[in-house]
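Asks: Same order as they appear, the protein sequences are chains A, B and C.
All residue numbers for the first sequence refer to the working numbering, where the first residue is 1068 and numbers rise by one.
All residue numbers for the second sequence refer to the working numbering, where the first residue is 11 and numbers rise by one.
All residue numbers for the third sequence refer to the working numbering, where the first residue is 2 and numbers rise by one.
Read the hints as simulated data drawn from the structure, not as lab findings.
Heads up, a few of these hints could be off.
[What the hints assert, rightly or not] When the alpha-carbon atoms are kept at most 25 Å apart in a straight line, the in silico PhoX-like pairs for lysine-lysine are as follows:
id, chain 1, residue 1, chain 2, residue 2
1, C, Lys280, B, Lys111
2, B, Lys221, B, Lys192
3, B, Lys288, B, Lys303
4, B, Lys288, B, Lys273
5, B, Lys113, B, Lys258
6, A, Lys1082, B, Lys258
[Stated by the list, open to error] Label-pair distances were calculated between CB atoms; the ranges are:
id, chain 1, residue 1, chain 2, residue 2, range
7, B, Lys113, A, Val1107, 47 to 53 Å
8, A, Gln1131, C, Gln49, 40 to 46 Å
9, A, Ala1255, B, Asp73, 37 to 43 Å
10, A, Leu1344, B, Gln119, 53 to 59 Å
11, B, Arg230, A, Glu1083, 25 to 31 Å
12, A, Leu1273, C, Ser266, 31 to 37 Å
13, B, Lys113, C, Tyr350, 43 to 49 Å
14, A, Trp1120, C, Ala251, 45 to 51 Å
15, A, Val1107, B, Asp203, 54 to 60 Å
16, B, Thr246, A, Glu1083, 54 to 60 Å
17, C, Arg25, A, Leu1180, 35 to 41 Å
Backbone N, C-alpha and C fix where the C-beta goes; we use that ideal spot for every residue, glycine too.
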Amino acid sequence: MSTEALPNIPAVSPKEPMWDAQRRRALIGVRLRRAGVYAVAITIAVWVLLPIWLIATMAFSTPQDVRAFPKALFPNPISLDSINFFLNADGIIRATGNSIFVALLAVVLSTLLAVPAGYAIARYMFPGRDAVRLVMLSVRAFPIVVLAVPLAVIFLQLGLFDQPFTLALMHTALTLPTTVLVISSVFASVPFEFEEAAQVFGCTPLQAFARVVLPLALPGIAASAILTFVLSWNEVFAAILLTLSNRTLPAHILYNLDKSSDPFKFAAAFVMLVPSLIFIFFIRRYLFNMWGQINK
Amino acid sequence: MTEILIQNAVKRFGKFVAIDDVSLTVQEREFLVLLGPSGCGKTTLLRAIAGLGMLDSGRVVIDGRDVTYLPPRERGISMVFQNYAIFPHMTVFDNIAFGLKMKKTPKPQLTERVQNAAKLLHIESMLERYPSQMSGGQRQRIAVARAIAVESPIILMDEPLSNLDALLRLEMRAELKTLLSKLGVTTVYVTHDQIEAMSMGDRIAVMRAGKILQLDQPTRVYDHPVSQFVGGFIGTPPMNFLHGQVQKNGAGYRVKLGDYHLKPPADLEAALTAWDGKSVLVGIRAEAMEPTKSPSPDAVQVNVDVVEMLGAQNLLTARIGDDTIKVSTSPDFQVAVGDAIWLRFPENKVRYMNPEDGQVLNAPSLEKVLA
Amino acid sequence: MRPSLPHFHCPYLQPQAFQLAFTREGQSLSLRAEALPDASVTGTLPLQTEVRVIDRQQLDEVLPNGATRPVFWYYVSGTDANGATVEGWVNQRSLFIENRRTSETARVTGGEAVREWTFDHLNRMLADFRFGTAVSTTLLLMVLIVPAQFVLAIIMALVLQSQIRGSGLFLYIYAIPLGISDLVAGILWFAIFTQRGFLNSLLVSAEIIELPFIFIQADHMAWMIAIIVLAEIWRATSIVMVIVVSGLQAIPRDYLEAGEVFGASLWQRLRHIILPLLKPSLQVALILRTILAFQVFAVVIAITGGDIMTVLSNETFRWYDPARFNNPSVAAVYAGFIMLISLAISLFYMRAVRSQEEAVKA
Ligand SMILES: Nc1ncnc2c1ncn2[C@@H]1O[C@H](COP(=O)(O)OP(=O)(O)OP(=O)(O)O)[C@@H](O)[C@H]1O
Ligand SMILES: [Mg+2]
Chain A
1068 MSTEALPNIP
1078 AVSPKEPMWD
1088 AQRRRALIGV
1098 RLRRAGVYAV
1108 AITIAVWVLL
1118 PIWLIATMAF
1128 STPQDVRAFP
1138 KALFPNPISL
1148 DSINFFLNAD
1158 GIIRATGNSI
1168 FVALLAVVLS
1178 TLLAVPAGYA
1188 IARYMFPGRD
1198 AVRLVMLSVR
1208 AFPIVVLAVP
1218 LAVIFLQLGL
1228 FDQPFTLALM
1238 HTALTLPTTV
1248 LVISSVFASV
1258 PFEFEEAAQV
1268 FGCTPLQAFA
1278 RVVLPLALPG
1288 IAASAILTFV
1298 LSWNEVFAAI
1308 LLTLSNRTLP
1318 AHILYNLDKS
1328 SDPFKFAAAF
1338 VMLVPSLIFI
1348 FFIRRYLFNM
1358 WGQINK
Chain B
11 MTEILIQNAV
21 KRFGKFVAID
31 DVSLTVQERE
41 FLVLLGPSGC
51 GKTTLLRAIA
61 GLGMLDSGRV
71 VIDGRDVTYL
81 PPRERGISMV
91 FQNYAIFPHM
101 TVFDNIAFGL
111 KMKKTPKPQL
121 TERVQNAAKL
131 LHIESMLERY
141 PSQMSGGQRQ
151 RIAVARAIAV
161 ESPIILMDEP
171 LSNLDALLRL
181 EMRAELKTLL
191 SKLGVTTVYV
201 THDQIEAMSM
211 GDRIAVMRAG
221 KILQLDQPTR
231 VYDHPVSQFV
241 GGFIGTPPMN
251 FLHGQVQKNG
261 AGYRVKLGDY
271 HLKPPADLEA
281 ALTAWDGKSV
291 LVGIRAEAME
301 PTKSPSPDAV
311 QVNVDVVEML
321 GAQNLLTARI
331 GDDTIKVSTS
341 PDFQVAVGDA
351 IWLRFPENKV
361 RYMNPEDGQV
371 LNAPSLEKVL
381 A
Chain C
2 MRPSLPHFHC
12 PYLQPQAFQL
22 AFTREGQSLS
32 LRAEALPDAS
42 VTGTLPLQTE
52 VRVIDRQQLD
62 EVLPNGATRP
72 VFWYYVSGTD
82 ANGATVEGWV
92 NQRSLFIENR
102 RTSETARVTG
112 GEAVREWTFD
122 HLNRMLADFR
132 FGTAVSTTLL
142 LMVLIVPAQF
152 VLAIIMALVL
162 QSQIRGSGLF
172 LYIYAIPLGI
182 SDLVAGILWF
192 AIFTQRGFLN
202 SLLVSAEIIE
212 LPFIFIQADH
222 MAWMIAIIVL
232 AEIWRATSIV
242 MVIVVSGLQA
252 IPRDYLEAGE
262 VFGASLWQRL
272 RHIILPLLKP
282 SLQVALILRT
292 ILAFQVFAVV
302 IAITGGDIMT
312 VLSNETFRWY
322 DPARFNNPSV
332 AAVYAGFIML
342 ISLAISLFYM
352 RAVRSQEEAV
362 KA
């Protein structure tokens, strides 16, 4: 032990000549490694973005350019003709309206049901709480194909077939489990003490919920509502089975796919894709919270 | 040969400077403690030595090799983490063997070294169990065993005892110290517990806000703190700081404390010329004063405000001028609140500091040291 | 909480599906004890049976407007499905008879629906020549897609965790496909691989080939599989990535740093620390992805049109579609089959994981 070490003397630059060489060599390694990570990151980003870029190119080209061969990587000239052609095609406006109606209704229904349910799961210990969670997880994994056929038949028998609101019910049923779990995790992240404090200062439990918890939980609830919207907006199998003349947008496009021209298809894909791009941007921060909670 | 050398290390997190131009030498087989309040950059410095988180500038040299930009596994170090980081999905055996397995040590040798490490830490009977079935103290032992099993010459420890209860901490402290000196490894040990630092370290580096304030043997740090901060941070109770006034006294100087005068040591005379007539801080440890119950010409009279009987000592609180002073006495020194006592300040136990920056007046300036 | 098996918990939906799948809705003629529509039934005859007319009776039928019209009832005798002779009264509407007043024989042309349990629909599915290819294609897609997705998702997650600059942007980009429907993904990749698509544009412009290569056609099964695999990996890896990243975030940094300090390379850390600790997340993702892999639908249709190549959910749709086979019963058999097979595979995963855990404990 070096007890006789000189006290309190900072190490003053003794310097060996080989240190700089060692350092440079190591630094090259570090840089190479980091460059490798960037290369992988960028490659994956290109892999994700390239198809989107290409379809955007198609959507903003004239129909003639869309049919042209070989195709260009940039729209030249930029034109809205293809998108206009798609939007003015028979039934598109109506199908879009149906899609929005179904998605909004699904959002409203699933949020209205999921907020109390999620709150109960987050706050109260009640018998069978774990069972409820489990059942909801199960339904989430239930194949939509399996649900859609019998439901279509039931709706047919009940005279509810081909009505958009029944499709909204179906989408609500599909997204509800996820929504409940997500919202319960959002509530669980708001400390119970906040509510107790509000109650101590004279709020009723309902007021405490409305004034204290809800504002804090709102961003999370909004994120899960957006997720529901996107799922419903994208869902095609149940939509094509449960509707006939009141098709939603994806169902309409899919059903007419083999009769459609390329400009129609590509513009359709682009139009369907845009809302998703925007919505995912807004909820990107919440994605991991959602899944982190659900995995538990 | 120097084991660890850090030169002008700087580490920033965004704009925040976590390590601010730190230089440090840790000698071979030395036990160095990094001590400082929470958030002062101890962990960051330790991680820089380990290679977890790269320095923004500066140099780390281990065993004569510049390792600043090398990953941890090429530095020949091992480490005990604050939360132990014992892998929950491996048995105790596999945990201890982890480092050896990664280096593809042959099986017989691996088993032997794991057994040895386990024996040293008295956990050889638990090798087949999973960490989830162990207590905090046992996990701590596994973490240490894992660190010594790889037999690297340097062990870094980040508050390894902070998660243990007080009694166990006391016990492990002694055990760890014995073990490490027996192994003859170089240790850098992070703690914010000054008693741990005092009792274990060969030297202590006191840190604050990303800088090393003092690097010295425990007794020197305790008796000769370089600043008000160090004196206040180390020791319970902390060092007393009183406001005194420098006055000319014949050829030399004296420091007026109430109606009492301290005589600074001769080697301070030069430093004090600049302070003539000004106020300085007078630092003294609670147990360094000599209290008496009867008047004495070279002692100052104070009245006792509070008496705390702590068993091993009696701690008195009194006032000198505007300053509060704590005095530690032997338990036999019986006084009551309101009693007058007389305190003598031994000349060699008193420190004089600049009241503005808290630095001791005769601190060797950095330039002089570097020269 | 371990993910437990999801599929048993839907009691209110399964009976309907099975009913659809098993109930025959064939027609047969009920023979009655008397010449009355509400008389008790004495037997049934399959359609097209030749019968002897033993007796006849003319009654008056009252129409909704109050008028009456004559209607004949016949006492007929014929052989039922089991070969036994049955006799009874039937309304003239159910028979084809040449002369209502004189003919001695007739043929059964109408009847009522009867409901009975049957394996007809199951047999029909099994006998369908597209069933086999649908199963094998679906399984092949699953085997190709799921492992690739996991590898890619883990790489994505590691990249995102490596604290590179702009990782927020990369995260958004990697998450984009999460919001993209399988239909859109299918069209995107169709745009690349179609005959006049981007890939052929590139290959022809670069003069690698002279004429566009037709990737998507009935005898290029491998190409079509490859395109669908690409599209599905492109679209559905995000969700695995999100699960893996959130699992990764739950692993204390300490563990990974301890791995580094004790000499583990990136691969060793992945192998010995990350993957074992990630197992619960991976298991959830694996079951989810496997179940979803059996439902791959719109991608296949968007890329291949659904005729030259088929998968199970496409068959379900084709049998259900009123414009095509219009047979919900066979569609329900397909749906039940998809459920059983995804159930079986999930069970297999759970078993595999559990026995592995036991092996570790033992
Ligand atoms: N990854 C990081 N990002 C941003 N700031 C950080 C990071 N790590 C540490 N810091 C900051 O750097 C400073 C020093 O942190 P460090 O962990 O080294 O403190 P410490 O001395 O170990 O404290 P403690 O005793 O609480 O462990 C702190 O103020 C902390 O907020
Ligand atoms: Mg720390």
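Asks: Take the hints in turn and mark each one as holding or not.
Replies: A quick look at each hint next to the structure:
{"no.": "1", "hint": "Lys280/C x Lys111/B", "verdict": "22 Å, holds"}
{"no.": "2", "hint": "Lys221/B x Lys192/B", "verdict": "31 Å, violated"}
{"no.": "3", "hint": "Lys288/B x Lys303/B", "verdict": "32 Å, violated"}
{"no.": "4", "hint": "Lys288/B x Lys273/B", "verdict": "16 Å, holds"}
{"no.": "5", "hint": "Lys113/B x Lys258/B", "verdict": "69 Å, violated"}
{"no.": "6", "hint": "Lys1082/A x Lys258/B", "verdict": "47 Å, violated"}
{"no.": "7", "hint": "Lys113/B x Val1107/A: 47 to 53 Å", "verdict": "27 Å, violated"}
{"no.": "8", "hint": "Gln1131/A x Gln49/C: 40 to 46 Å", "verdict": "59 Å, violated"}
{"no.": "9", "hint": "Ala1255/A x Asp73/B: 37 to 43 Å", "verdict": "50 Å, violated"}
{"no.": "10", "hint": "Leu1344/A x Gln119/B: 53 to 59 Å", "verdict": "57 Å, holds"}
{"no.": "11", "hint": "Arg230/B x Glu1083/A: 25 to 31 Å", "verdict": "30 Å, holds"}
{"no.": "12", "hint": "Leu1273/A x Ser266/C: 31 to 37 Å", "verdict": "57 Å, violated"}
{"no.": "13", "hint": "Lys113/B x Tyr350/C: 43 to 49 Å", "verdict": "34 Å, violated"}
{"no.": "14", "hint": "Trp1120/A x Ala251/C: 45 to 51 Å", "verdict": "34 Å, violated"}
{"no.": "15", "hint": "Val1107/A x Asp203/B: 54 to 60 Å", "verdict": "44 Å, violated"}
{"no.": "16", "hint": "Thr246/B x Glu1083/A: 54 to 60 Å", "verdict": "43 Å, violated"}
{"no.": "17", "hint": "Arg25/C x Leu1180/A: 35 to 41 Å", "verdict": "39 Å, holds"}
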